[in-house]
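Colleague: Chain residues, written in single-letter form:
Number of protein chains: 2
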Amino acid sequence: MRAALDAAGAAAAVGEVPVGAAVVRDGAIVAVAANAPRTLHDPTAHAEMLAIREAARILGRERLEDCDLWVTLEPCAMCAGAIAHARIARLYYGAGDPKGGAVEHGPRFFAQPTCHHRPEIYAGIGEAEAGTLLRDFFRERRG
Amino acid sequence: MRAALDAAGAAAAVGEVPVGAAVVRDGAIVAVAANAPRTLHDPTAHAEMLAIREAARILGRERLEDCDLWVTLEPCAMCAGAIAHARIARLYYGAGDPKGGAVEHGPRFFAQPTCHHRPEIYAGIGEAEAGTLLRDFFRERRG
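So the sequences go chain by chain: A and B.
When you line the first sequence up against the UniProt record's numbering, it's residues 1 to 143, in that order.
When you line the second sequence up against the UniProt record's numbering, it's residues 1 to 143, in that order.
Since the hints were derived computationally from the structure, they do not count as laboratory data.
There's no promise every hint is true.
Stated by the list, open to error - Cβ-Cβ distance ranges computed for the label pairs, FRET-style:
| hint | chain 1 | residue 1 | chain 2 | residue 2 | range |
| --- | --- | --- | --- | --- | --- |
| 1 | B | G96 | A | I29 | 38 to 48 Å |
| 2 | A | P98 | B | G96 | 23 to 33 Å |
| 3 | A | H117 | B | E140 | 23 to 33 Å |
| 4 | B | T132 | A | T132 | 48 to 58 Å |
| 5 | B | G96 | A | R118 | 41 to 51 Å |
| 6 | A | G124 | B | R135 | 41 to 51 Å |
| 7 | B | Y122 | A | R141 | 47 to 57 Å |
| 8 | A | E104 | B | E120 | 25 to 35 Å |
| 9 | A | G131 | B | E140 | 33 to 43 Å |
Claimed, not checked - Pulled a few chain B residues facing chain A out of the computed Cβ check, cut under 8 Å:
| hint | residue |
| --- | --- |
| 10 | M1 |
| 11 | G9 |
| 12 | A12 |
| 13 | H41 |
| 14 | A56 |
| 15 | H85 |
| 16 | A89 |
| 17 | R90 |
| 18 | H105 |
| 19 | F109 |
Computed from a predicted model, the values in this text were never measured in an experiment.
Here a beta-carbon is modelled for each residue, glycine too, at the ideal position from N, C-alpha and C.
The following block holds chain A by itself, in its conformation from the complex (with noise of 0.2 Å):
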């Protein structure tokens, strides 16, 4: 989670919504990416998809079924959906996102019956410093 947050931080120092993500198999880092929607012209750019078609690239297959993910926010329902077409196999989120979040909010897509893989789920991992980046980052533009 260390390095999801530094991505997160490296992130609002470009003007990207501070979120930062990392793919880890065997006790060892992947993948890692920032959000860059904006940066990349790419509106499916957030850092949990970053990271998940990175290490897919590096490990040259479409399934991870023996990585878990690592992201500083509650993954959307874009990126739920990608974790389980990925298959990723232990997710770990820091903060909660009550408006765009898809876990334990909103679509909650890992508990829906028609979901077809729903990895283990580990919430509040690095929370405090997370939502403290996020908080920030929108205070800062208000301003």
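Since the structure of chain A is provided, determine the placement of chain B on it from the hints.
Modeller: Just chain B now, kept in the frame of chain A:
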């Protein structure tokens, strides 16, 4: 939808689940894509994601509020989330997908109170041909 159906046929020819998508702006196709997670080693490489990402790249912006998406199958949660993030104006899709769909099935993403953007939605366009492509594909794989 013709272009999306042709892309779906092309996907089947290389062993991918036959789904195709096109992004259209002012009556002209901006991007067409076929489902390609196996070919690209990318669990997020659904036809909708590839078409949205390519259109955003071509137009040089992360929001496609003046674009429509045509896709042969009901989008999953990942793709529905991407459609919302991209601010797609209208969604036209072919066959419904009771197993993986997230528009009229499962999470019903666009009907969630937390959904921040809902396109106009038109279902059943080209449904017969889209469904036949999928049925033939899965019948052949089982046989």
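Colleague: Are the hints correct? Go through all of them and say.
Modeller: Hint-by-hint comparison with the structure:
Roughly 40 Å separates the CB atoms of B:G96 and A:I29, a value that falls within the hinted 38 to 48 Å. Separation of A:P98 from B:G96 is about 30 Å and conforms to the stated range, judged on CB atoms against 23 to 33 Å. Under the hint 23 to 33 Å, the C-beta atoms of A:H117 and B:E140, about 25 Å apart, fit the expected range. Distance hint for B:T132 and A:T132: a CB-CB separation of about 54 Å, consistent with the stated range 48 to 58 Å.
Judged by the Cβ atoms, the range 41 to 51 Å given for B:G96 and A:R118 is violated: they are separated by roughly 23 Å. A C-beta distance of roughly 44 Å is found between A:G124 and B:R135, which places it inside the suggested range of 41 to 51 Å. Range check, B:Y122 to A:R141: about 36 Å between beta-carbon atoms, so the 47 to 57 Å window is missed. Range check, A:E104 to B:E120: about 30 Å between beta-carbon atoms, so the 25 to 35 Å window is met.
One distance hint, 33 to 43 Å for the beta-carbon pair A:G131 and B:E140, is violated here, with the actual separation near 50 Å. A least Cβ separation of about 22 Å between B:M1 and chain A goes past the 8 Å threshold, and the interface hint is therefore violated. With a cut of 8 Å, the hint placing B:G9 at the interface with chain A is violated, because the nearest CB-to-CB distance is about 21 Å. The beta carbon of B:A12 is not positioned within 8 Å of any beta carbon in chain A (closest approach about 17 Å), and the interface hint is therefore violated.
Checking B:H41 against chain A: minimum C-beta separation of about 5 Å stays under 8 Å; hint holds. Hint on B:A56 holds. Least Cβ distance to chain A is approximately 5 Å, under the 8 Å limit. Against a cut-off of 8 Å between C-beta atoms, the interface hint on B:H85 holds, since the closest Cβ of chain A lies about 4 Å away. Using the Cβ-Cβ criterion of 8 Å, the hint placing B:A89 at the interface with chain A is not satisfied: the shortest such distance is roughly 14 Å.
Checking B:R90 against chain A by beta carbon gives a least distance of about 16 Å; that is not within 8 Å, so the hint is violated. At a threshold of 8 Å, the smallest CB-CB gap from B:H105 to chain A is about 6 Å, leaving the interface hint in force. Taking 8 Å as the C-beta cut-off, the interface hint given for B:F109 holds, the closest approach to chain A being about 5 Å.
Figure legend: structure checked against the earlier numbered hints; hints not met, in rising order: 5, 7, 9, 10, 11, 12, 16, 17.
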